[in-house]
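A.B. asks: Protein sequences appear in the order of chains A and B. Counted from 1, the first sequence has number 24 at position 24 by full-length UniProt numbering; the numbering is strictly sequential. Counted from 1, the second sequence has number 157 at position 157 by full-length UniProt numbering; the numbering is strictly sequential.
Please note that the accuracy of each hint is not assured.
Identical chains share a label here; the pair holds if one copy fits it or two copies do between them.
Stated by the list, open to error - Distance condition first, Cα-Cα at most 16 angstroms in a straight line; then the derived EDC-like pairs of lysine to aspartate or glutamate:
(1) Lys138 x Asp148
(2) Lys92 x Glu67
(3) Lys138 x Glu154
(4) Lys92 x Glu63
(5) Lys131 x Glu164
(6) Lys138 x Glu21
(7) Lys131 x Asp163
(8) Lys138 x Glu98
(9) Lys92 x Asp56
These are calculated hints, taken from the structure and not from any lab test. Computed from a predicted structure; not experimentally measured.
Residue strings, one per chain:
2 protein chains.
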Amino acid sequence: METMPEHTVRSYGEELRRLREMVARMGGLAERQVADATSALVRRDAELATEVMGRDSAIDTLEREIEAFCIRLLALRQPVGQDLRLIIAALKIIHSIERIGDYARNAAKRSVVLAQQPPLGSLNGFQRMAKLVQENLKGAMDALVNDDATRAGEVWNSDQSVDEVYNGIFREMLTFMMEDPRNITAATHLLFVAKNLERIGDHATNIAETVYYAVSGETLGEERPKADSSAFAVVRPPG
Amino acid sequence: METMPEHTVRSYGEELRRLREMVARMGGLAERQVADATSALVRRDAELATEVMGRDSAIDTLEREIEAFCIRLLALRQPVGQDLRLIIAALKIIHSIERIGDYARNAAKRSVVLAQQPPLGSLNGFQRMAKLVQENLKGAMDALVNDDATRAGEVWNSDQSVDEVYNGIFREMLTFMMEDPRNITAATHLLFVAKNLERIGDHATNIAETVYYAVSGETLGEERPKADSSAFAVVRPPG
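With the rest of the complex left out, here is chain A (with noise of 0.2 angstroms):
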């Protein structure tokens, strides 16, 4: 239904307003995958995160039509300069989005086990890095269809919260495995959602870095601040 059929005739400008809104779509989708597993995660609700779990195969097919679609303007339109940049920069981003699915369908899984174990923590971090990695989602997307490089820059420079809130669920989870073995395995599948939603986060930035690019034709920075320390946190066991 939302493939072109073969037989419209569409001018190519329009043809490349449908691609950005088709990727921006399966972004919107993404957001909400990744909404709902992190209210399933908060609220304990196995039944919606099994329906996550069950959604992510709409974002596969949209990422095949849309690869299709852009393999079709390549070969029909023969495009160059920004509109090729555009095109390269779509199939770049809905193998992110494409991810983001994934990471977010990976959450949910882990919130089904997680909804059977005892409760650890308000999760309010958990909240607060998806609201955050959403946030930039949205906005990336905004950016593409806008034609709007400040914004897609902007993005680019706000992931480092989440990063900051990430490190603090990474203690805080080794603490409450220190306290008590059995926090550990809760402890451990809430620090994977932790890891999940923190690549989703990144995946966004790449997004928002993609976007500038294809908008500007000018690249961002080589690194962009980067606030993760997780990777060299070491917790001692108490007394």
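Given the structure of chain A, go ahead and fit chain B onto it with the hints provided.
C.D. replies: What follows is chain B alone, placed relative to chain A:
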């Protein structure tokens, strides 16, 4: 030195061969990073780990070079059919290889911390996983260079054993944590290293799938056999 000077006139066929070789070279770099990151982990060699971290930028540079080369090919040669498929595949593959490089760097980063923590178990599973994912990555690159769809299909099918070793490590690490809270920091970092290797295996499989499509024009099944059950794992404390 490796980018083609503008004034060199090459045939189109030569350019496509060169593209495959550049991608395979990038894959080779990533393969070495995985091997060295794992050696650094097992031998508790913080110096080698630091070296691995420093070398990641060479992979990123090569990704940008290959992407620019692809865009030039698209703009100047206006490829269709199988050639277009190859170029699109190359763009996807280099993105996956770049992610593999990131995971290897992250594993190396954690090895630096781990070298200062009390040793935990034999780490045989990590070496086994690393060996398997390296073989898969190499197999996928060979399939690309030799236009070998059969080889690509074999790699796509073989990721299951990676997942099995990963599931074993997951349970082993949780058990270490439960036995002694002083193991928690090291076991957590090792869990993430194992996850990195598992993701690297996933990417190698995705690359094989992309190569299969590029070479044969046909897609492999929707869902490959996936044996990672760790997201559902529950381990209980002893006693």
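A.B. asks: Each of the hints needs a verdict: does it hold here or not?
C.D. replies: Verification of the supplied hints:
Within a single copy, Lys138 and Asp148 get their C-alpha atoms as close as 13 angstroms, which meets the 16 angstroms cut-off; across copies the closest is 41 angstroms, which misses it. For the identical chains of this complex, Lys92 and Glu67 are neighbours both inside a copy (10 angstroms) and across copies (11 angstroms), given an alpha-carbon limit of 16 angstroms. Proximity of Lys138 and Glu154 under a CA criterion of 16 angstroms is satisfied intra-copy only: 12 angstroms inside one chain copy versus 39 angstroms between copies. Proximity of Lys92 and Glu63 under a CA criterion of 16 angstroms is satisfied in both settings, with 11 angstroms inside one chain copy and 13 angstroms between copies.
Proximity of Lys131 and Glu164 under a CA criterion of 16 angstroms is satisfied intra-copy only: 14 angstroms inside one chain copy versus 34 angstroms between copies. Proximity of Lys138 and Glu21 under a CA criterion of 16 angstroms is satisfied intra-copy only: 13 angstroms inside one chain copy versus 38 angstroms between copies. In this assembly of identical chains, the alpha carbons of Lys131 and Asp163 lie at most 16 angstroms apart only when taken from the same copy (13 angstroms versus 31 angstroms across copies). Proximity of Lys138 and Glu98 under a CA criterion of 16 angstroms is satisfied intra-copy only: 15 angstroms inside one chain copy versus 25 angstroms between copies.
With identical chains, the CA atoms of Lys92 and Asp56 are never at most 16 angstroms apart, being 19 angstroms at best within one copy and 20 angstroms at best between copies.
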